[in-house]
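Keeping their order, the protein sequence lines are chains H and P. The working numbering puts the first residue of the first sequence at 1, with every later residue one more than the last. The working numbering puts the first residue of the second sequence at 1, with every later residue one more than the last.
Because the hints were derived from the structure by calculation, they are not lab data. Treat each hint with caution, since some may be false.
[As the list claims (entries may be wrong)] A few chain P residues facing chain H, derived, Cβ under 10 angstroms: (1) Gly53; (2) Tyr54; (3) Phe81; (4) Val94; (5) Ser98; (6) Leu101; (7) Ala102; (8) Ile106; (9) Lys132; (10) Glu154; (11) Thr273; (12) Gly344; (13) Ala416; (14) Phe417; (15) Ser420.
[As the list claims (entries may be wrong)] Partial list, computed: chain P residues near chain H (C-beta under 10 angstroms): (16) Gly41; (17) Trp57; (18) Gln80; (19) Val118; (20) Thr151; (21) Glu165; (22) Leu167; (23) Gly229; (24) Ile373; (25) Lys432; (26) Ile435.
Don't be surprised by glycine CBs; every beta carbon is placed ideally from N, CA and C.
Protein chains: 2
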Amino acid sequence: MASLLRLPSLLKPEGQVTPRSVDFNAWYTDVIAAAELADYGPVRGTMVIRPYGYAIWEAIQDYLNVKFKETGHSNMYFPQFIPYSFIEKEASHVEGFSPELALVTIGGGKELEEKLVVRPTSETIVNHMFTKWIQSYRDLPLMINQWANVTRWEMRTKPFIRTLEFLWQEGHTAHATLEEAEKEALQMIDVYTKFAYEQAAIPVIPGRKSRVETFAGANRTYTIEAMMGDRKALQAGTSHNLGQNFSRAFGTQFMDENSQIEHVWQTSWAISTRFVGGIIMTHGDDAGIMLPPNIAPIQVVIVPIWKKGDEKSAVMEAVSSVQNTLKEAGIRVKVDDSELRTPGWKFNFYEMKGVPIRLEIGPRDVTNKSVVISRRDIPGKQGKEFGVSMDPSILVDHIKGRLVEIQASLLQKAIAFRDSNIVDVSSYGELKEAIAEGKWARGPWSARCFPFEQPEGAKKCFMTGNPAEEVAIFAKSRRKKLIAGAGIRSRNIGWRR
Amino acid sequence: MASLLRLPSLLKPEGQVTPRSVDFNAWYTDVIAAAELADYGPVRGTMVIRPYGYAIWEAIQDYLNVKFKETGHSNMYFPQFIPYSFIEKEASHVEGFSPELALVTIGGGKELEEKLVVRPTSETIVNHMFTKWIQSYRDLPLMINQWANVTRWEMRTKPFIRTLEFLWQEGHTAHATLEEAEKEALQMIDVYTKFAYEQAAIPVIPGRKSRVETFAGANRTYTIEAMMGDRKALQAGTSHNLGQNFSRAFGTQFMDENSQIEHVWQTSWAISTRFVGGIIMTHGDDAGIMLPPNIAPIQVVIVPIWKKGDEKSAVMEAVSSVQNTLKEAGIRVKVDDSELRTPGWKFNFYEMKGVPIRLEIGPRDVTNKSVVISRRDIPGKQGKEFGVSMDPSILVDHIKGRLVEIQASLLQKAIAFRDSNIVDVSSYGELKEAIAEGKWARGPWSARCFPFEQPEGAKKCFMTGNPAEEVAIFAKSRRKKLIAGAGIRSRNIGWRR
Numbered sequence: 001m002a003s004l005l006r007l008p009s010l011l012k013p014e015g016q017v018t019p020r021s022v023d024f025n026a027w028y029t030d031v032i033a034a035a036e037l038a039d040y041g042p043v044r045g046t047m048v049i050r051p052y053g054y055a056i057w058e059a060i061q062d063y064l065n066v067k068f069k070e071t072g073h074s075n076m077y078f079p080q081f082i083p084y085s086f087i088e089k090e091a092s093h094v095e096g097f098s099p100e101l102a103l104v105t106i107g108g109g110k111e112l113e114e115k116l117v118v119r120p121t122s123e124t125i126v127n128h129m130f131t132k133w134i135q136s137y138r139d140l141p142l143m144i145n146q147w148a149n150v151t152r153w154e155m156r157t158k159p160f161i162r163t164l165e166f167l168w169q170e171g172h173t174a175h176a177t178l179e180e181a182e183k184e185a186l187q188m189i190d191v192y193t194k195f196a197y198e199q200a201a202i203p204v205i206p207g208r209k210s211r212v213e214t215f216a217g218a219n220r221t222y223t224i225e226a227m228m229g230d231r232k233a234l235q236a237g238t239s240h241n242l243g244q245n246f247s248r249a250f251g252t253q254f255m256d257e258n259s260q261i262e263h264v265w266q267t268s269w270a271i272s273t274r275f276v277g278g279i280i281m282t283h284g285d286d287a288g289i290m291l292p293p294n295i296a297p298i299q300v301v302i303v304p305i306w307k308k309g310d311e312k313s314a315v316m317e318a319v320s321s322v323q324n325t326l327k328e329a330g331i332r333v334k335v336d337d338s339e340l341r342t343p344g345w346k347f348n349f350y351e352m353k354g355v356p357i358r359l360e361i362g363p364r365d366v367t368n369k370s371v372v373i374s375r376r377d378i379p380g381k382q383g384k385e386f387g388v389s390m391d392p393s394i395l396v397d398h399i400k401g402r403l404v405e406i407q408a409s410l411l412q413k414a415i416a417f418r419d420s421n422i423v424d425v426s427s428y429g430e431l432k433e434a435i436a437e438g439k440w441a442r443g444p445w446s447a448r449c450f451p452f453e454q455p456e457g458a459k460k461c462f463m464t465g466n467p468a469e470e471v472a473i474f475a476k477s478r479r480k481k482l483i484a485g486a487g488i489r490s491r492n493i494g495w496r497r
Numbered sequence: 001m002a003s004l005l006r007l008p009s010l011l012k013p014e015g016q017v018t019p020r021s022v023d024f025n026a027w028y029t030d031v032i033a034a035a036e037l038a039d040y041g042p043v044r045g046t047m048v049i050r051p052y053g054y055a056i057w058e059a060i061q062d063y064l065n066v067k068f069k070e071t072g073h074s075n076m077y078f079p080q081f082i083p084y085s086f087i088e089k090e091a092s093h094v095e096g097f098s099p100e101l102a103l104v105t106i107g108g109g110k111e112l113e114e115k116l117v118v119r120p121t122s123e124t125i126v127n128h129m130f131t132k133w134i135q136s137y138r139d140l141p142l143m144i145n146q147w148a149n150v151t152r153w154e155m156r157t158k159p160f161i162r163t164l165e166f167l168w169q170e171g172h173t174a175h176a177t178l179e180e181a182e183k184e185a186l187q188m189i190d191v192y193t194k195f196a197y198e199q200a201a202i203p204v205i206p207g208r209k210s211r212v213e214t215f216a217g218a219n220r221t222y223t224i225e226a227m228m229g230d231r232k233a234l235q236a237g238t239s240h241n242l243g244q245n246f247s248r249a250f251g252t253q254f255m256d257e258n259s260q261i262e263h264v265w266q267t268s269w270a271i272s273t274r275f276v277g278g279i280i281m282t283h284g285d286d287a288g289i290m291l292p293p294n295i296a297p298i299q300v301v302i303v304p305i306w307k308k309g310d311e312k313s314a315v316m317e318a319v320s321s322v323q324n325t326l327k328e329a330g331i332r333v334k335v336d337d338s339e340l341r342t343p344g345w346k347f348n349f350y351e352m353k354g355v356p357i358r359l360e361i362g363p364r365d366v367t368n369k370s371v372v373i374s375r376r377d378i379p380g381k382q383g384k385e386f387g388v389s390m391d392p393s394i395l396v397d398h399i400k401g402r403l404v405e406i407q408a409s410l411l412q413k414a415i416a417f418r419d420s421n422i423v424d425v426s427s428y429g430e431l432k433e434a435i436a437e438g439k440w441a442r443g444p445w446s447a448r449c450f451p452f453e454q455p456e457g458a459k460k461c462f463m464t465g466n467p468a469e470e471v472a473i474f475a476k477s478r479r480k481k482l483i484a485g486a487g488i489r490s491r492n493i494g495w496r497r
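Take these sequences, add in the hints, and give me the full structure.
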């Protein structure tokens, strides 16, 4: 046994995970490796999503799939190879995407006559097909979604946040009127917002993108912007009103009720595996990540504790009984009964993995028919409860209650963090000061997003002194690049959806 | 209203769908279009899977996902771009796959230093990663699965059956011993077999592939072979014992319990969107396809029937009540209340789409508080029931019972068809006769050995006329051995999994 413990471990020894408070970016890449969320693929900028990370993505899929179907969308699948000529048809689309395309030029051993684009997004091929399927207003609205991989040749990559290939869903709809399309685009950003708040416990700010960051081919892009633990902004989902840009480029027309031929009005909207990165970057501390119970692959981990050999069978019997109780109650529970690791090692490991609740069961607990509960979101003794009854009728409700509390508490903490880091500014000086402090500035001008929620009364642009129509959000973003004129550091240049 | 009815319809007029009994292949492509299962993509050989076809794939996914997890597998995701050098590492793998690769040679506007393969299957990249993750026997077995798209540059394509890009799941496992790997490969072909029988109502024949059709890189390939409606064989799923071929090529090693370094033993197994094609080709008649209730996106379609305006509200009220009753009972139900199509048109349309049960509700049914039921699998009057009570306590059980019957009946019919088309042969003459009649032949076959010394040039199977890679030695032997599937005309040349 001793020799096994000397084998190299995939997990860096405790302490080698950079503390979040010391270096946020180093912490992020460290926990992704140590919590076995993802790994680097062999091709530069690609990522392998490991089972624990993929299970978070599956939780996102499960929730959104239900919502998409409830709102009238059907899943389907479009080919990923798009003729190069399609990309060129919509002027701003080609301008936006051509620098980051992957091209297939050889197929079946032969040079292809026309290069094929590996889809960076599917508006062009969707419109090509919509043109075949739509004839009359009776074929509208056409509302579909696909779960797929997409490829964008990013130069600076980061696991989950920006990778050459990523997974996403992309919704595409066609409508008879602009109003319907606008309503749809807003409806979907609302679905995303609810998901972010209720499932991921991320208090995103929904709003409209500035013109600079509008999707290449859209008239208007709605966004949900999330504040990460380092106060940088992350674009966590977008919904586009495409107007008639693609329908004009691809001739997607219908006969309306008055027998007039019109171009359809369209939307598209997407959330990607980037959202998993957003969850990691929102909740966490020096010890690791914290997963909101609603999307945690493991909600409760049970660590059996026994020393003498004769303690083992009684402890394991109780552990197994509690496990079944929780499982039958629909709680995602895992028992770690490995004898190669100490309980202390396991405590650290599952804290790093962000499991919301840990149960410890030892010989004394078996005698008392009780368990010890630790909450991931409240470190130390304050988050511990001793002597909670093992009786299923008590334990299940107790755990379920705690999971609800943890879900709410993570959201509340994130809201408090966000609000304490947004400063209302009314002058260029105040803006500069806020940004210098790493905060977000909210003030009358044009920027990262224009929040739906607007203060009452007349507003004046703090830059020019002219009347301002809207209040905007300003923020540093992960990518240290300045948007011309806007004064915002953005994490999202080149990431258009 | 009249003018609308003159608009071109996506659906070919009845009668333009080639009858199945006249031309099976034409029927297949016709129903795929008319039932809106799939469409052709803009790039040769690609396919768009439309919502109705995709929902069948989702039913396959839902079932298999549960079974994969029950048998200890976790989902994850590997990048689709594989360095070309990886493909070359396993000798028979590169030989098998290199003729049908799609290659990315340009990324982000620049010629790449190393060409990237768009995955045709993932053994190579999986092994590259497994080598990083596996150190000790404690890391084994490693059992994962991914749902993904794959690309093979096929020259002759057919919707669902063989397309340039298709969707599949690919399982990959690593074990400490050959025995474990063999057990896993057999377990997964068993999962596929159960799925085929119980969900898809396809009585597949599980067996071992001949060497010619063994997966490029496997020691042994297990297959489920299905007899289509035209008596051709379809390879519907495969499971491979890869031995140590990939672990040796990629150095995937572990320290065993005796501190010895060994190569892992591996399996891989897959089912693809081809299975949807298999379902279509198994069940059906001149009127269209027939979907087994367990995987039918719509299990019950309700067609309201009314003529006079004042009949409508009572009928629609009853329809809506029945719809809710069935929906609450977990039955997948659709109401087609379009006023642009006649009930007769709808009858034909949903028969073509293979919906297992149709309910008709008209004014007289409302008065009698009853419905008319038609079974898709029993055409004409024999499949009709009149006066079935609308009372939820009666109707739900009645419908559920009928769905179970239809599921069983489709399987029984397919078994009868299969068995009447497999001939037991005991001589070369009988074999030739069976093959000439388009049947499958089953007979004792005792190739004593496949000589190391093989003649040069192309070879043709002297029994089936299919390409043969090997020459075998035949001789009378004491033990008669039965090999399932020997002498089957195969639709699968070039389709290795």
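So, going through the hints one by one against the coordinates:
The criterion of a C-beta within 10 angstroms of any C-beta in chain H is met by P:Gly53, whose closest approach is roughly 8 angstroms, and the hint holds. A distance limit of 10 angstroms between C-beta atoms decides the matter here; for P:Tyr54 the minimum to chain H is near 5 angstroms, and the interface restraint holds. The beta carbon of P:Phe81 comes within 5 angstroms of a beta carbon in chain H, closer than 10 angstroms, and the hint placing it at the interface holds. Hint status for P:Val94: violated, given a least beta-carbon distance of 13 angstroms to chain H, over 10 angstroms.
With its C-beta approaching chain H no nearer than about 7 angstroms, P:Ser98 sits inside the 10 angstroms limit, and its interface hint holds. The closest approach between the C-beta of P:Leu101 and any C-beta of chain H is roughly 7 angstroms, which is under the 10 angstroms cut-off, so the hint is satisfied. Interface restraint check for P:Ala102: the shortest CB-CB distance to chain H comes to about 5 angstroms, inside 10 angstroms, so the restraint holds. Here the hint on P:Ile106 is kept, as its CB sits about 4 angstroms from the closest CB of chain H, short of 10 angstroms.
Restraint check, P:Lys132 versus chain H: the minimum CB separation of about 7 angstroms is within 10 angstroms; hint holds. A distance limit of 10 angstroms between C-beta atoms decides the matter here; for P:Glu154 the minimum to chain H is near 8 angstroms, and the interface restraint holds. Here the hint on P:Thr273 is kept, as its CB sits about 8 angstroms from the closest CB of chain H, short of 10 angstroms. Below 10 angstroms, beta-carbon pairs count as interface contacts, and P:Gly344 has none with chain H, the closest being about 19 angstroms; its hint is therefore violated.
A hinted interface residue such as P:Ala416 counts as satisfied when its beta carbon comes closer than 10 angstroms to some beta carbon of chain H; here the least separation is about 34 angstroms, so the hint is violated. The beta carbon of P:Phe417 is not positioned within 10 angstroms of any beta carbon in chain H (closest approach about 31 angstroms), and the interface hint is therefore violated. Among the interface hints, the one on P:Ser420 is violated; its C-beta lies about 36 angstroms from the nearest C-beta in chain H, farther than the 10 angstroms criterion. The restraint placing P:Gly41 at the interface with chain H holds, with a minimum CB-CB distance near 4 angstroms, inside the 10 angstroms limit.
Interface restraint check for P:Trp57: the shortest CB-CB distance to chain H comes to about 8 angstroms, inside 10 angstroms, so the restraint holds. For P:Gln80, the interface hint holds, the least distance from its beta-carbon to any beta-carbon of chain H being 6 angstroms, beneath 10 angstroms. A distance limit of 10 angstroms between C-beta atoms decides the matter here; for P:Val118 the minimum to chain H is near 7 angstroms, and the interface restraint holds. Taking 10 angstroms as the C-beta contact cut-off toward chain H, the hint placing P:Thr151 at the interface holds, the least distance being around 8 angstroms.
The beta carbon of P:Glu165 is positioned within 10 angstroms of a beta carbon in chain H (closest approach about 5 angstroms), and the interface hint is therefore held. Interface restraint check for P:Leu167: the shortest CB-CB distance to chain H comes to about 6 angstroms, inside 10 angstroms, so the restraint holds. A hinted interface residue such as P:Gly229 counts as satisfied when its beta carbon comes closer than 10 angstroms to some beta carbon of chain H; here the least separation is about 25 angstroms, so the hint is violated. Violation of the interface hint for P:Ile373 is found here, the shortest Cβ-Cβ separation to chain H being roughly 27 angstroms, above the 10 angstroms cut-off.
Among the interface hints, the one on P:Lys432 is violated; its C-beta lies about 35 angstroms from the nearest C-beta in chain H, farther than the 10 angstroms criterion. Residue-level restraint check for P:Ile435 is violated (minimum Cβ-Cβ distance to chain H is 31 angstroms; threshold 10 angstroms).
In summary, the numbered hints that this structure violates are 4, 12, 13, 14, 15, 23, 24, 25, 26.
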